[in-house]
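Q: Letter by letter, the chains look like this.
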Amino acid sequence: MLLRHTPKEVKERSALTINPAKTCQPIGAMYASLGIHGCLPHSHGSQGCCAYHRSTLTRHYKEPVMAATSSFTEGSSVFGGQANLVQAIDNIFTVYQPEVIAVHTTCLSETIGDDIPQIARKAEADGKIPRGKYVIHANTPSYVGSHVTGFANMTKAMVDYFAASTGKKEDRINIIPGYVEPADMEEIKRMAGRLGIQTILFPDTSNVLNRPQTGKFEMYPRGGVTVDALMGTGDSKATVALGPMASGPAARALDTKCKVPCEILDLPIGLSATDRFVDALRKLGGVHVPDSINLERGQLLDIITDMHQYFYGKKVALVGDPDQLVSLVEFLVSIDMMPVYVVTGTPGKKFESRIRELTREVPHEVKVRAEGDMFLLHQWIKNEPVDLMMGNTYLKYISRDEDIPFVRFGFPILDRIGHAYFPTVGYRGGMRLLEKILDALLDRQDRDAPEERFELVM
Amino acid sequence: MSSICEEKLNLEEETEGVDPEVLKKELLEKYPTKVARKRAKQIVVNKLASCSEGLEIGANVRTTPGIITQRGCTYAGCKGVILGPTRDIVNITHGPIGCGFYSWLTRRNQTRPPTENDENFMTYCFSTDMQDKDIVFGGEKKLKAAIQEAYDLFKPKAISIFSTCPVGLIGDDVHAVAREMREALGINVFGFSCEGYKGVSQSAGHHIANNGIFTHVVGLDDSVKEGKYKINLLGEYNIGGDAFEIDRVLEKCGITVVSTFSGNSTYDQFANAHTADLNTVMCHRSINYVAEMMEEKFGIPWIKINFIGAEATAKSLRKIAHYFQDQELSDRVEAVIAEEMPEILKVREEVRPRCQGKTAMLFVGGSRAHHYQELFKEMGMKTISAGYEFAHRDDYEGRKVLPTIKVDADSRNIEELEVTPDPERFRPRKSPEELERLAQEGFEFKDYEGMMRDMDNQALVIDDISQYETEKLLEIYKPSIFCAGIKEKYVVQKQGIPLKQLHSYDYGGPYAGFKGAVNFYQEIDRMVNSKVWNSLKAPWQKSPELSAKYACD
Chain A
1 MLLRHTPKEV KERSALTINP AKTCQPIGAM YASLGIHGCL PHSHGSQGCC AYHRSTLTRH
61 YKEPVMAATS SFTEGSSVFG GQANLVQAID NIFTVYQPEV IAVHTTCLSE TIGDDIPQIA
121 RKAEADGKIP RGKYVIHANT PSYVGSHVTG FANMTKAMVD YFAASTGKKE DRINIIPGYV
181 EPADMEEIKR MAGRLGIQTI LFPDTSNVLN RPQTGKFEMY PRGGVTVDAL MGTGDSKATV
241 ALGPMASGPA ARALDTKCKV PCEILDLPIG LSATDRFVDA LRKLGGVHVP DSINLERGQL
301 LDIITDMHQY FYGKKVALVG DPDQLVSLVE FLVSIDMMPV YVVTGTPGKK FESRIRELTR
361 EVPHEVKVRA EGDMFLLHQW IKNEPVDLMM GNTYLKYISR DEDIPFVRFG FPILDRIGHA
421 YFPTVGYRGG MRLLEKILDA LLDRQDRDAP EERFELVM
Chain B
1001 MSSICEEKLN LEEETEGVDP EVLKKELLEK YPTKVARKRA KQIVVNKLAS CSEGLEIGAN
1061 VRTTPGIITQ RGCTYAGCKG VILGPTRDIV NITHGPIGCG FYSWLTRRNQ TRPPTENDEN
1121 FMTYCFSTDM QDKDIVFGGE KKLKAAIQEA YDLFKPKAIS IFSTCPVGLI GDDVHAVARE
1181 MREALGINVF GFSCEGYKGV SQSAGHHIAN NGIFTHVVGL DDSVKEGKYK INLLGEYNIG
1241 GDAFEIDRVL EKCGITVVST FSGNSTYDQF ANAHTADLNT VMCHRSINYV AEMMEEKFGI
1301 PWIKINFIGA EATAKSLRKI AHYFQDQELS DRVEAVIAEE MPEILKVREE VRPRCQGKTA
1361 MLFVGGSRAH HYQELFKEMG MKTISAGYEF AHRDDYEGRK VLPTIKVDAD SRNIEELEVT
1421 PDPERFRPRK SPEELERLAQ EGFEFKDYEG MMRDMDNQAL VIDDISQYET EKLLEIYKPS
1481 IFCAGIKEKY VVQKQGIPLK QLHSYDYGGP YAGFKGAVNF YQEIDRMVNS KVWNSLKAPW
1541 QKSPELSAKY ACD
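First to last, the protein sequences are chains A and B.
Here the working numbering is used: position 166 in the first sequence is 166, and no number is missing along the way.
Position in the second sequence (first residue = 1) + 1000 = the working numbering.
Only true hints are included.
Which stretches of chain A does chain B cover? Using the computed rule of at least three CB atoms under 8 Å from a CB of chain B, they are:
(1) 37–47
(2) 61–71
(3) 87–94
(4) 99–108
(5) 138–152
In silico DSS-like cross-links for lysine-lysine, where the CA-CA straight-line distance does not exceed 27 Å:
(6) K1531(B) <-> K62(A)
(7) K62(A) <-> K1472(B)
(8) K8(A) <-> K1157(B)
(9) K382(A) <-> K1157(B)
(10) K1155(B) <-> K396(A)
(11) K1157(B) <-> K11(A)
(12) K1030(B) <-> K216(A)
Hints listed in this document are in silico derivations from the structure and should not be mistaken for laboratory results.
Beta carbons: idealized from backbone N, C-alpha and C, even for Gly.
Build the full structure now, drawing on both the sequences and the hints.
A: Listed below in structure tokens is the structure:
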């Protein structure tokens, strides 16, 4: 057994986290920064933070992940990191020539109390920031929130630093896609395009973290939202923020700063959440939903009706991030699956009440935990097993030990490909999710069926 | 008369006339003056050993902020590298969640508990997940509670604590907590002050880990293991099963491994390590401290060995046999080599025609960038440029330069333990006469000659290579293969050049020992001869002109 020491008996722990279901803010900030065109993320802390975040993102995407670090030493930890950051800014603009440096802090620089805007002003005064280039920042202390918080904070920084209103509203809608994959961002743009709506999507990691093999490495790939577009978000007529936790703060900041009204929606994962997304876009954009979107919706619905018998009553354990889990739980409940264990490592009490509300009619006890960990989830499973697990790659250890089918979903996925290229949002994303769920469940049925009940047609 | 030292030979053919001195200038031009001055010391055009007088490389110095580096931190070196591979210690990361999360199972240290009932905590990640209130009010209470909870759940032999950056800043005394909990629980509990900001790279973390394991564990168990030729294997982390293959070969030779630091290791092995009669050092950089201290305290001599490469493996086995001065062992070693070699030579001859003359670059680690040159050489490939990520000067230039290395502020921060002979356990393994005789036979104790000696004249040696320099090297040298880590992997491959990860082995391996050599030959053959690289251009990109013919017809 891989996790041989996990006992069945659950004892509450107050201090020890085992097998976490979250990671720290800076990696989320780094990911968001990569969604700005021509941006080099910068980690203001020890080298290890940057190395760890780059490694994890690289393993997840199998793509180059460029970022720099302030390379703190013991001295900078005592005297502050100003000299390091000013020098870093100089070196980065000289050697790597980005349009934007997006600085995020770490537990180290936050504990010291480095004031990034003040340091950036110093760099500017010293002539280290070339004309027309930008240094933006987000405070992302690792001891608050999770990687989702870091993503939210850096996305908000894009608004704080760039959004401007000229007073003339444009007929276009901002979409903040949330902490989703490049393929999801692409899909959201495609759907908006089908509706005939002009959009600015930020951050946008499509064609950054799912870019083609061309035989030529480009430090700054074609994708990413441009600084001009970010400035233009202040003139858009509305913002649709997908995922309250990851996108809410930026959307609200844009409302406050530039009077762009926002609608904060759940991530469009599954039928109903996608319906709400399309409906919101339709109303805000004053457009008709084209047949092509209706077709996709109908196809998703068709899979559900065709295969309902395999979903019905299946118990599912889920681990992941709040925005994703809320929509996923809603989707699974809507196809009569039973999400019985739902765990996120990210703190936030709202999550638990939201999941309870969504699972009210599930004919089974539902255990839900924010600030939980995978050790706890495993213990629950040991007490009552499930038919399916969904979550990041680390679930594979539980999956193997307990012999439970497993669909990879969320962050990080270190051992499979697909998430960068094929969406799980929108109707088509829903179709993909169902395909994956069915593959896992039916492969298991095929594996375990007695010979006489081995089915040709399913 | 021009001496060989001034000639630019060896590499001419492979590098298509690139003058490394000119290239070095070009690399430096891009940097601000101060950075260029610093980097200039870390980029060296190699000279043959006989001409290398005065050739010195800058190493183990700070990375300039903003220069995109491969390097990680002290925590990564201590928890990730050295202590990570030990399966039965509960390793608790004291800090916010990230550090524990990122070092959770990501280094591919394989382990094989003998039975289902043996302990294995390597699949677990333990963290105090510090929150803002812990940063403000101190985290010692939470750490204590976490240790108690870990003990209550798992009843392990030992618990260790790894400090992350904020721990040092807020002044949590992890060692005091460890002492208190050791007394309270009656098991070994020890802490590491391996905050990420210490030192200049992972290397500082290796040193801190060496000190900790030496102070708190080595020497606790005096029971003597069966075996005629007993060694410790130091600096072998069992990535991809390397240590398993080395164990197989050693066992076949009749050599007993008392402990491995730290691949596939257990707490008890460390505690018992001082009963071995020889320390063999694989990765000099990460573990030489333990080797040195064990010699001082227990009288165990150490030698540098290398099990990467079939020839190097044979050589290392012979060296171990030589040390023991026993004909029976020597005969057995020769028999094992004779038995293993035919298969190796067969595969080598198979791949050689396809690999001969191709070029490699290696920028990784503190020993691998050197060791793996052996394997490339065996395949007929040439290493045209190499460097380490976190090594010191001695790993480049050999231990002879140790007395001349200036101890800077960053190194001074890392404790040097005062070690004296153990009154009961110190036992010289060789008499002065035996040592003298071995020396006369050319046997080298506690020596490592470094990477540069084994590299060609004019090869470019670069310490702590930056992203910019990496891109430049690819563009100018166009090597057949580049070896580095995960962060560099797709940068290089996007450039149309295969990258072999030499930290994680791209989830393959083992590459050590005899079987490992075969695996490596086949893997590199696959990579440098992959057909995929011919498909980079679509037909219409190769000849974009449209032919007007059909339209006219």
